[in-house]
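Here's the letter readout for the chains.
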Amino acid sequence: MSKTLPTSDEQGKGASRRDFLKWSGAAVAVSLTPSVVTRAAGERADETIAGFFEKMPLKLEVNGKLHQLQVEPRTTLLDLLREQIGLTGTKKGCDQGQCGACTVHVNGRRINSCLSLAVMNEGQKITTIEGLAKGDELHPLQEAFIKHDAFQCGYCTPGQIMSGVACINEGHAGSADEIREFMSGNLCRCGAYPHIVDAILETKKGGNNL
Amino acid sequence: MGNYFFETEGPIDRVDGKQKVTGQALYAGEYPLEKLCYGVLVGSSIARGNITAIATKEAENAAGVLAVITHLNRPAIPGYTGEGDSGPAGMKLMSSPAIYFAGQPVALVIADTFERAQHAASLVKVAYKTTESSTDLSTQLSKAAAPRRGKSEYSRGEKNAYKKAAVWIEEDYVIPHEVHNPMELGSITAVWNGDQLTVYDKTQGVKASQRSYAQLFGVPQDNVRVVAPFVGGGFGMALRTWPYEVAAVMGARKVGQPLKLMLSRSQMFTLVGYRPHTIQQVGIGATRDGILTGISHDATAATASYEEFTEGVVRMTQFMYSCANVDTRYRLVPLDVSVPTWMRGPGEATGAFALESALDELAYKLDMDALDLRKKNYAYTDPESGLPYSSKFLMDCYDQGAEKIGWYKRNRQPRSMKNGEWLEGYGMSSGVFGAHRPAATARAVLAADGSLLVQSAASDIGPGTGTAMVKIAADVLGLPYDKVRFELGDSRLPPAPTQGGSGTNSGVGAAVHDVCTAVKEKLILAMNEGKAGFSKQPQQEWLFEKGRIGNGAESISFSDLLKNMGQSAIDLTRDSKSGEERQKYAFYSFSVHFTRLWVHARTGVVRIKQIVTVADAGKIVSEKTARSQMVGGAIGGIGMALMEEAVFDHRFGRMVNNNFADYHIPVNADVPDIDTIFINKPDPYINPMGAKGMGEIALIGYAASVTNAIYHATGKRIRELPVTPDKLL
Ligand code: FES
Ligand code: FES
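So the protein lines, in turn, are chains A and B.
Heads up, the first sequence is in our numbering, so the first residue is 621 and it goes up one at a time.
Heads up, the second sequence is in our numbering, so the first residue is 127 and it goes up one at a time.
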């Protein structure tokens with residue numbers, strides 16, 4: 621079942637970023653200094669400029685800090701955090717909404733950040749694992765995770781903690797069974813589940829102001 | 127040896143816990159680097175055949191693309207020696223148009239952002255000539271053959287003796303293709319600086335990876351640095367260097383920029399090994415009063431057509447029970463699949479499912495309690511070698527576990543215990559794994575401020591290696607835990623073994639113990655020379671406590687003693703390895719698992735209600751992390767018993783459930799309370815701590831405790847994992 625492929629020539633047509641620049645760049649280049657465009661014509665910088673046109677402005681608050689960014693519409697909130705903002709505490713475990721490793725809070729609600737495009741979060745307040753502690757003072761659930769050894773490798777842990785905080789805030793931490801149910805979107809391959817439940821239960825009972 | 131006991135400060139919290147709960151722990155794909163670019167692999171869509179054409183222009187022209195590499199333009203990889211598409215490092219990446227399995231990397235696309243690399247990867251078009259593939263072990267058993275390497279047959283006494291026994295059974299047991307799936311995706315960041323290479327790598331062994339990259343890329347070993355202080359789980363997946371890692375290192379060299387490559391979750395199912403589909407037959411016979419007279423165990427496992435993988439599937443049968451007649455056979459069938467690798471417990475876990483199920487079946491046929499049958503055939507010396515055990519407290523495991531779960535209080539008859547619509551069942555099984563002590567080296571630096579730094583190129587994929595090592599060092603020197611730091615996960619540190627086969631705690635722990643003991647001896651020497659300046663120079667032993675040395679009346683801090691010694695630090699390195707004891711004793715860790723569960727009579731849904739898991743792993747160095755390890759093993763076993771199975775569409779040779787929505791692993795709601803019991807008696811010979819390994823025995827055998835409990839609950843014997851509800855209807 622061998623099938624034919626387009627020849628290199630055919631392929632080259634229509635897809636080139638350089639073509640893109642020729643028609644859209646010509647119009648918009650007015651707003652750039654000519655030298656930028658001229659320089660761009662050399663090397664591969666034309667791609668960079670093409671990329672610039674494909675980006676959208678985005679303003680959002682992450683852990684209390686305002687960010688003004690240019691992002692591609694296809695960039696997920698997860699990749700924005702990890703690759704552009706440099707907050708790698710939020711983990712990528714599947715990139716398809718099936719593991720919970722990427723859980724963050726958007727305006728206090730837990731979401732899978734791999735399922736949210738960055739540009740959908742215009743003006744939102746994002747909290748990641750890096751924003752949970754107050755300076756050196758850990759969040760009570762972070763403390764409880766250490767105390768109960770609620771992790772091994774630690775890779776699912778930021779997602780578990782963000783999810784756990786939300787679980788308590790949602791009022792879904794009334795019993796061990798309820799916690800098990802409402803924490804089941806966060807996979808842990810190391811199998812730290814019983815200790816995660818202990819940590820959340822204790823934090824909930826502590827009545828700590830979350 | 128054997129006189130070493132821990133004076134503990136109480137349970138130790140995980141030393142890297144704070145980094146892990148705050149998101150500060152950096153894993154392989156998380157190092158912030160200038161000019162970082164991204165690699166994405168394109169996988170073959172066919173399982174067997176050849177690439178006839180590959181069109182990359184469109185991808186090359188896409189925004190931000192720096193390179194597209196295929197078998198047509200792949201830079202040479204000097205370590206790929208010899209003919210053919212596979213060599214000592216396994217499959218040679220993109221070395222010919224030949225396709226050996228679905229998902230095999232056929233192109234590497236490199237771009238300046240992840241999104242652009244991923245998009246460009248979708249633009250690579252490949253045409254194939256497909257030849258018929260075969261991926262189904264069950265239809266290919268006639269091709270089974272002995273592995274090329276290793277011993278495939280074993281026997282003592284008479285072969286197939288079970289058939290002459292008064293009571294015997296003979297059954298087939300099947301383990302499907304299971305995938306490690308650590309939560310961290312396969313990740314690597316490679317940085318070339320001239321002919322110096324730094325690799326931030328998801329690896330269970332930084333030294334092994336260092337050797338591997340040096341060999342593959344033709345640079346001296348000292349030019350390669352592999353860094354992996356945090357590894358997001360491994361379970362065996364990161365025991366070797368995979369083609370995706372070779373791709374990243376090659377790509378980084380090609381574009382002259384740091385390159386990061388993270389596999390997708392679906393690639394995790396096909397590019398980094400798995401536990402192979404294995405079909406086993408066990409025949410086991412006994413006298414009417416339950417004395418085993420023969421065990422035969424045959425196993426046939428899948429492997430790749432391009433590389434042979436073997437593991438110890440039938441090992442446990444050879445030495446677990448006292449039985450005069452035992453024979454085993456192990457064979458392989460090459461298929462058009464990627465190569466398997468060790469997955470937690472490895473082959474022993476596969477074999478234990480068969481053996482421990484068969485014992486349960488035999489017990490019922492004998493009308494005997496399954497635990498009593500095991501006790502009756504208890505091996506007091508190693509039946510395989512005839513050697514005495516270095517230590518064996520399996521009987522204590524049986525007793526304490528049975529007591530905890532109320533084993534003897536159950537009604538042994540199948541389908542006799544009910545709870546409304548639910549049938550209740552109890553099951554037990556055991557596990558065993560060799561207790562090793564790999565050679566390791568550690569360095570200790572006692573600094574002027576009295577703090578201690580210990581280093582070894584060990585790994586921590588999750589068990590808490592750093593924590594255990596800090597505990598050992600602190601206990602030897604009487605230091606508070608927070609005065610000790612342990613550095614691991616860097617190939618520049620003194621050599622340590624790869625983390626696998628439950629050997630790290632034993633081997634690296636011994637090295638840490640030895641080097642700290644050497645530091646202690648230096649301090650004692652100084653004390654004996656009167657360097658402390660005590661008013662009375664006593665003859666008795668010195669007390670090491672809270673970072674001070676004293677005689678009961680007076681004491682001096684390490685820091686002041688160093689000053690008095692005129693030294694700014696004590697800096698020592700020690701190699702440590704096992705000795706003659708390995709020839710004199712049989713070294714094993716043991717586990718026993720008990721499960722109580724409910725099966726819903728009408729729907730076949732299984733709910734595990736209680737687990738008691740007991741380990742004879744010698745002295746437990748750090749109870750808190752050890753408990754997590756045992757709990758994690760049982761949970762892995764729940765997945766194995768009830769959920770995990772990679773499903774193939776054999777018409778196309780492709781896996782169809784290569785994601786977490788379709789390949790189920792246990793979630794929080796699947797897991798009940800788990801009791802862990804440690805016998806916690808030191809092994810007098812294995813190492814100075816008396817600690818045996820635990821990573822494998824936590825899982826080995828567990829699945830059979832579930833299937834045995836399901837039989838007890840329902841009267842249905844399921845011999846093919848996983849036990850999904852349809853099998854119970
Ligand atoms: S990475 Fe988002 S759910 Fe898995
Ligand atoms: S701690 Fe390793 S995956 Fe949860």
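Simulated from the structure, these hints should not be mistaken for laboratory data.
Where hints are given, some of them may not hold.
Just the calculated beta-carbon pair ranges, DEER-fashion [as the list claims (entries may be wrong)]:
(1) B:Ala787 with A:Ser795: 20 to 30 Å
(2) B:Phe660 with A:Asn789: 51 to 61 Å
(3) A:Asp797 with B:Ala787: 20 to 30 Å
(4) A:Ser795 with B:Asp348: 51 to 61 Å
(5) A:Gly826 with B:Pro514: 49 to 59 Å
(6) B:Gly546 with A:Ala753: 24 to 34 Å
(7) B:Pro201 with A:Asp797: 53 to 63 Å
(8) B:His726 with A:Ala753: 35 to 45 Å
(9) B:Gln150 with A:Ala796: 21 to 31 Å
All values reported here derive from a predicted model rather than from experimental measurement.
All C-beta atoms, glycine included, are put in the ideal place defined by N, C-alpha and C.
Evaluated hints:
1. B:Ala787 with A:Ser795: 20 to 30 Å: holds (27 Å)
2. B:Phe660 with A:Asn789: 51 to 61 Å: holds (59 Å)
3. A:Asp797 with B:Ala787: 20 to 30 Å: For Asp797 (chain A) and Ala787 (chain B) the Cβ distance comes to about 24 Å; the hint holds.
4. A:Ser795 with B:Asp348: 51 to 61 Å: For Asp348 (chain B) against Ser795 (chain A), whose Cβ atoms are near 57 Å apart, the range 51 to 61 Å holds.
5. A:Gly826 with B:Pro514: 49 to 59 Å: Holds, since Gly826 (chain A) and Pro514 (chain B) (Cβ atoms, about 51 Å apart) stay within the stated range.
6. B:Gly546 with A:Ala753: 24 to 34 Å: violated (46 Å)
7. B:Pro201 with A:Asp797: 53 to 63 Å: holds (56 Å)
8. B:His726 with A:Ala753: 35 to 45 Å: holds (44 Å)
9. B:Gln150 with A:Ala796: 21 to 31 Å: Distance hint for Gln150 (chain B), Ala796 (chain A) holds at roughly 29 Å.
Checked against the numbered hints given earlier, the structure breaks only hint 6 and satisfies all the rest.
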